[in-house]
Amino acid sequence: MFLAILKRLLMLIPVLIGITLISFLLLQIMPGDPASRAMGSRASAEDLQAMRELWGLDKPIWVQYFYFLRDCVTGSFGVSIFHKQPIITLVADRLPYTLAIVLYSTVIALVIALPFAILAAANRGRFLDVAIRQIFVVLIALPPFWLCYVLILWLALNLGMFPTGGVGTGFFENLYRLFLPSLVVGLSTAALIQQSLRAALIDAMKADYVDTARAKGLRGYEVFLRHILPNSLISTISIIGVRVSWIIGGTVVVEKIFSVPGLGSLLIDSIVSRDLPVIRGLTVFFAILVVTVNLIADICYALADPRIRLE
Amino acid sequence: MSLLSIHDLVAEFDSPSGIARAVDGVSFDVQPGEIFGIVGESGCGKSATCRAILRLFGGAPARIAGGRILLDGVGDLAALHERQLAQVRGRDVAFIFQDPLTALNPTMKIGRQITEVIRRHQNITRAKARAAALQLLRDVHITSPERRLDSYPHELSGGLRQRVVIAMALALRPRLIIADEPTTALDVTVQDQILRLLKERRDRLGTSIILITHDLGVVSQICDRMAVMYAGRVVETGPVREVLDSPSHPYTQALLAALPGQVGREQALTPIEGAPPSLISPPPGCRFAPRCKLAQPDCAIGPPPPLHARDGVSSGHVDACILNEVAHGAA
Ligand SMILES: Nc1ncnc2c1ncn2[C@@H]1O[C@H](COP(=O)(O)OP(=O)(O)O)[C@@H](O)[C@H]1O
Ligand code: SF4
Ligand SMILES: [Mg+2]
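Protein chains in written order, with the working numbering: chain A, 1 to 311; chain B, 312 to 642.
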């Protein structure tokens, strides 16, 4: 197991190099001059030139790329033009909020999906099943930003149940304040989990081992909790793993709308201010995040299903 | 007194094209300590009959639509509530399913799957149940049973898995074990061992066994009495020696004639020309008529002929062919 994880980590190195290369090249074609952005429009030509030299923007592209690689390897991920801080410091400040939303929204998705998947599977083909499916299809189709504004207008402004945005201090206050943004990110994931879990439950209900379990005289709930549900959840773990990259992407817009100072708002702010090193560093960092979470999901999957060995 | 006595059992499956009467008026008895064989081509309702006894239809939309299933000392299983029936399952009547590869929960250790049935019906500690499970694995001749308790099903061969399934079935010393083609999915050498295991149990503890198979050789080897099913009905039943030595129903005769080793036929699995009829709208009269070499015009009319004794033959050897009925009536 340990060796397999190590192997997986080593295999990530070429992937990460590829990601640094792509994120570097993509941002080269982004319009706008970072130096003039950082200095403001009234800066003199000499000052701008000095700035470019300071940030290495005057160097050939491949030299810039190697500077960038060096910064990634040393862990600083470069220095922000705008904040004038190592990017890793910025990330460290903001990562907890993003991780919190990722985790929180996954929990919300599970809590929503589980009962509806069970209800739908138990009533498969009947009205309730169809109705639940339709509702979740609509949920998937809703654009997140629209959902954000509806929730803000309705739950936050009209009913005053939640703040319109921002974060607080302490676990419980943030649990409360991050609820709406996590709900937005979690809803469409809930739809996905509901669908896959419903299918997995229906499959499991037909499985021979369920007959065996019932033939032992187990009661309905025992058969369900010990045999049907665990086997169905296992296939859902891999769905969540795949989904997490989407969830991480989904936090970007939502963080901005709900003024959560996470990695997503940092990314959008940096794009607005043409803070090239931060955009680049964050792209790489997001990629690392996605890859890591996928690895964790794979490990969970291997732990949960005795037939699966981590390769 | 019979241990199990089934009267006019009817079981139906809902399917997209209509209601299939997979079991249509089946009656038979199983005596204590008896191995009762059920044979017939696939799709004839053997599994459905046995599943109906414990009402285990594998999540399919199926129900018992008539008849009685009298279990000695318990009553009519068909009339029990699901909760009462659950008490009977595993304790009085155990079930062994066809495919050991899918019959065990892939994500639960063997030991837990065995102790589960013990602890369901007996109020004993985890440790005691585990000790009992260990003994059960020994009883079914599994080597290094301690290790097996902590194995997952995929770590065991098919034969071993079927032994585990049998160990689970034996756990509470049920009076009746229903085995639905327990060896079909296994290779030949293992088949023999598994059958011997079941027979050994009967010989030692007097456990009754209903054995579904499409292998007449197996029936001849270990069964005491047997029923031949065709299209949802029993067409012939009686002591194995009588039925196999002097089959009276043309379907039984055709099955026997198709055995390998007999001249002029190829395979045991598709012995007779044509296929059994749909159970959604079975043909009128005798359901074997479309394939029967001896069919008369009268055969395809009216309700299916009932079972009746053959002339001069004792010990409950009965069949459902009108030819024998006519002979009987004329005598
Ligand atoms: N899951 C099911 N859904 C619908 N019909 C079924 C199902 N299982 C069995 N049947 C019906 O019951 C008939 C008998 O099936 P079965 O008892 O499995 O036959 P056997 O065990 O003799 O091969 C089939 O021909 C089919 O019409
Ligand atoms: S009743 Fe007629 S069709 Fe049926 S088995 Fe007898 S002879 Fe054949
Ligand atoms: Mg069958």
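What the hints contain is simulated information worked out from the structure, not anything from laboratory work.
Owing to the predicted nature of the structure, the values given are computational and were not obtained by experimental measurement.
A couple of the hints might just be wrong.
[As the list claims (entries may be wrong)] Residues from chain B that keep clear of chain A, each with C-beta distances beyond 10 Å, as calculated: (1) Ser-338; (2) Gly-378; (3) Asp-387; (4) Glu-393; (5) Ala-405; (6) Glu-427; (7) Asp-526; (8) Ala-611.
[Claimed, not checked] Below are the DMTMM-like pairs computed for lysine to aspartate or glutamate, each with C-alpha atoms no more than 20 Å apart in a straight line: (9) Lys-420(B) x Asp-305(A); (10) Lys-510(B) x Glu-492(B); (11) Lys-206(A) x Asp-325(B); (12) Lys-420(B) x Asp-208(A); (13) Lys-420(B) x Asp-450(B); (14) Lys-510(B) x Glu-345(B); (15) Lys-439(B) x Asp-450(B); (16) Lys-206(A) x Glu-492(B); (17) Lys-206(A) x Asp-410(B); (18) Lys-206(A) x Glu-457(B); (19) Lys-439(B) x Glu-466(B); (20) Lys-206(A) x Asp-269(A); (21) Lys-510(B) x Asp-498(B); (22) Lys-420(B) x Glu-393(B); (23) Lys-420(B) x Glu-222(A); (24) Lys-420(B) x Asp-383(B); (25) Lys-420(B) x Glu-466(B); (26) Lys-256(A) x Asp-269(A); (27) Lys-84(A) x Asp-269(A); (28) Lys-84(A) x Asp-129(A); (29) Lys-604(B) x Glu-584(B).
Beta carbons are placed, not taken as given, at the ideal position from N, Cα and C, and that holds for glycine.
Hints the structure violates: just list their numbers, smallest first. The structure breaks hints 4, 5, 6, 18, 19, 20, 22, 24 and 28; every other hint is satisfied.
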